[in-house]
Amino acid sequence: MSALDTEAPAWETSKENAAPRKKGRDVAKLNRAFGAAPDDDAAIRHHEAALSTEGDDPLQAFTTYAAYLEQHRPTDALAAFELRERCCRAFRDDERYKNDARYVQMWLDYADNLQDPDDLFKFMKKKKVGLQSAAFWCAWALRSEERGHVKNAAELYKKGLEKGALPTEMLTAKQAAFEARAVDRERNPPPPRPRPRGLTAQRPSRAPTQQPQSTPAASGTTPALEIFVDEGLRPVTAPVDDWPDFGSLRERAKENTRGPTPWTEAALSAPKTSAPTLASAAPPAFDVFVDDDCVAAPAPAPDAPTTLRD
Amino acid sequence: MADGATSTISLRGSVDLVQEFFEYAINSILYQRGIYPPEEFRRVAKYGLSMMVASDDGLQTYLKKILAQLKTWLEEGDVQRLVVVVTGVETNETLERWTFAVNACDTENAAPSTAGDIKAITKQIQAIIRQITASVTFLPLLDEACAFDLLVYTRKTAAVPGAWEDSDPKYIADSQEVKLRSFTTSVHSVEAAVAYKDHDA
Numbered sequence: 001m002s003a004l005d006t007e008a009p010a011w012e013t014s015k016e017n018a019a020p021r022k023k024g025r026d027v028a029k030l031n032r033a034f035g036a037a038p039d040d041d042a043a044i045r046h047h048e049a050a051l052s053t054e055g056d057d058p059l060q061a062f063t064t065y066a067a068y069l070e071q072h073r074p075t076d077a078l079a080a081f082e083l084r085e086r087c088c089r090a091f092r093d094d095e096r097y098k099n100d101a102r103y104v105q106m107w108l109d110y111a112d113n114l115q116d117p118d119d120l121f122k123f124m125k126k127k128k129v130g131l132q133s134a135a136f137w138c139a140w141a142l143r144s145e146e147r148g149h150v151k152n153a154a155e156l157y158k159k160g161l162e163k164g165a166l167p168t169e170m171l172t173a174k175q176a177a178f179e180a181r182a183v184d185r186e187r188n189p190p191p192p193r194p195r196p197r198g199l200t201a202q203r204p205s206r207a208p209t210q211q212p213q214s215t216p217a218a219s220g221t222t223p224a225l226e227i228f229v230d231e232g233l234r235p236v237t238a239p240v241d242d243w244p245d246f247g248s249l250r251e252r253a254k255e256n257t258r259g260p261t262p263w264t265e266a267a268l269s270a271p272k273t274s275a276p277t278l279a280s281a282a283p284p285a286f287d288v289f290v291d292d293d294c295v296a297a298p299a300p301a302p303d304a305p306t307t308l309r310d
Numbered sequence: 001m002a003d004g005a006t007s008t009i010s011l012r013g014s015v016d017l018v019q020e021f022f023e024y025a026i027n028s029i030l031y032q033r034g035i036y037p038p039e040e041f042r043r044v045a046k047y048g049l050s051m052m053v054a055s056d057d058g059l060q061t062y063l064k065k066i067l068a069q070l071k072t073w074l075e076e077g078d079v080q081r082l083v084v085v086v087t088g089v090e091t092n093e094t095l096e097r098w099t100f101a102v103n104a105c106d107t108e109n110a111a112p113s114t115a116g117d118i119k120a121i122t123k124q125i126q127a128i129i130r131q132i133t134a135s136v137t138f139l140p141l142l143d144e145a146c147a148f149d150l151l152v153y154t155r156k157t158a159a160v161p162g163a164w165e166d167s168d169p170k171y172i173a174d175s176q177e178v179k180l181r182s183f184t185t186s187v188h189s190v191e192a193a194v195a196y197k198d199h200d201a
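Chains as they are written, first to last, in full-length UniProt numbering: chain A, 1 to 310; chain B, 1 to 201.
What the hints contain is simulated information worked out from the structure, not anything from laboratory work.
Computed from a predicted model, the values in this text were never measured in an experiment.
Pairs of lysine-lysine, BS3-like flavour, derived with a Cα cap of 27 Å:
no. : chain 1 : residue 1 : chain 2 : residue 2
1   : A       : K125      : A       : K254
2   : B       : K170      : A       : K23
3   : A       : K126      : A       : K159
4   : B       : K179      : A       : K15
5   : A       : K23       : B       : K179
6   : A       : K15       : B       : K46
7   : A       : K22       : B       : K170
8   : A       : K22       : B       : K179
9   : A       : K122      : A       : K159
10  : A       : K15       : B       : K123
11  : A       : K29       : B       : K179
Using the sequences plus the hints, can you model the full thing?
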């Protein structure tokens with residue numbers, strides 16, 4: 001009854017391919033997703049068709065679809081992310097969902113996948129989404145703390161309590177944990193990062209630069225620049241909504257991303273000198289563990305040379 | 001431990017193997033689930049893997065006491081299951097339950113090839129430890145500070161020292177269960193499984 005006679009379950013052989021999920025996953029669904037090609041196009045179409053912004057409770061269709069994508073498409077974190085983006089933007093002005101737990105959770109899950117969610121949280125606050133939800137304040141404070149803005153995080157917890165966000169126990173518990181971490185940080189400050197040497201280490205001594213000799217004119221107040229005043233300006237009124245939309249990640253990041261391009265036109269010329277042989281290489285300093293199975297099987301012959309995928 | 005050229009495992013050898021496995025499995029779970037911070041562990045080479053073992057003295061003494069008692073029970077054949085229970089400190093709720101079921105092997109029916117080759121057993125144990133590490137794929141995130149408990153199911157006739165007390169099984173409400181691998185010496189077979197709280201339920 002050797003345990004190795006049985007094949008490793010699908011979830012174990014594909015463990016790197018499942019996006020992490022806070023609530024954990026159902027192993028049966030994982031095995032199905034990693035098993036033979038899952039044939040769930042019909043389910044996807046059904047879910048897509050159910051999405052709309054009309055009706056009694058259109059948010060429910062979005063939440064079930066997002067949950068379905070997460071569980072059944074564990075490799076494709078982007079699909080769930082983009083769906084959440086759609087949902088958040090669709091209902092951002094909808095009054096009935098401003099403090100709906102599911103909607104707030106949708107925003108928070110979206111924020112989880114952003115590198116810099118500070119703007120997103122500010123947008124939520126401006127739109128008054130989730131202000132009564134403790135989860136919102138805790139999430140914002142936690143992300144601030146992670147980026148080192150400890151004072152900001154402390155303020156956010158206080159603000160959450162002021163606003164009477166529910167559930168209060170969650171806020172008080174997370175605030176207590178945050179304060180414990182702050183005390184811990186004071187007691188054991190992290191070791192100072194080594195400053196980079198070089199530029200700052202040797203500052204070439206220089207005579208102080210000459211101060212400009214001209215002193216301001218004794219007549220004093222006339223500035224050197226003339227300031228232009230537009231006579232016919234109408235008084236400026238604040239626009240009704242100066243931050244109407246948050247925009248999708250693609251729109252925000254378009255200047256900072258480049259699409260894939262061919263590697264290079266020029267070919268790399270082979271070096272004249274021969275490469276050092278393996279035999280001359282020094283043996284490794286550590287114990288290399290050799291699996292008995294690998295020693296038996298010879299290395300497979302190389303296939304055709306790889307070409308750039310278009 | 002292993003005697004003779006045929007390398008069959010004696011009872012004493014099997015008990016040692018199982019006890020050692022429990023020691024490393026418990027340490028692995030404590031490390032992987034973050035019950036203790038990673039700084040409190042040190043690396044040890046074992047089973048051909050780099051295992052993390054707790055370096056905290058208090059924890060080590062506690063585990064040594066438990067393992068010594070387990071060894072006595074194993075020798076008597078009194079151990080049925082060892083359970084590592086992970087509970088949240090604030091909510092006092094059982095979040096995870098790692099079960100290792102110990103069964104006495106039927107030595108007459110054991111095929112000669114599985115009669116306890118040390119290498120084969122090490123490979124099987126290696127596979128279980130790897131699976132414990134891989135279980136992060138489906139286990140929910142442990143958001144809060146957690147504590148662990150060790151429960152041992154023994155036969156009714158077992159001699160229980162005073163330091164041990166009867167406990168409730170600490171089952172999880174709404175649990176998902178996953179069966180992990182098992183390993184067998186010719187004398188004992190140990191099956192691993194994990195049950196965790198189903199947050200979607």
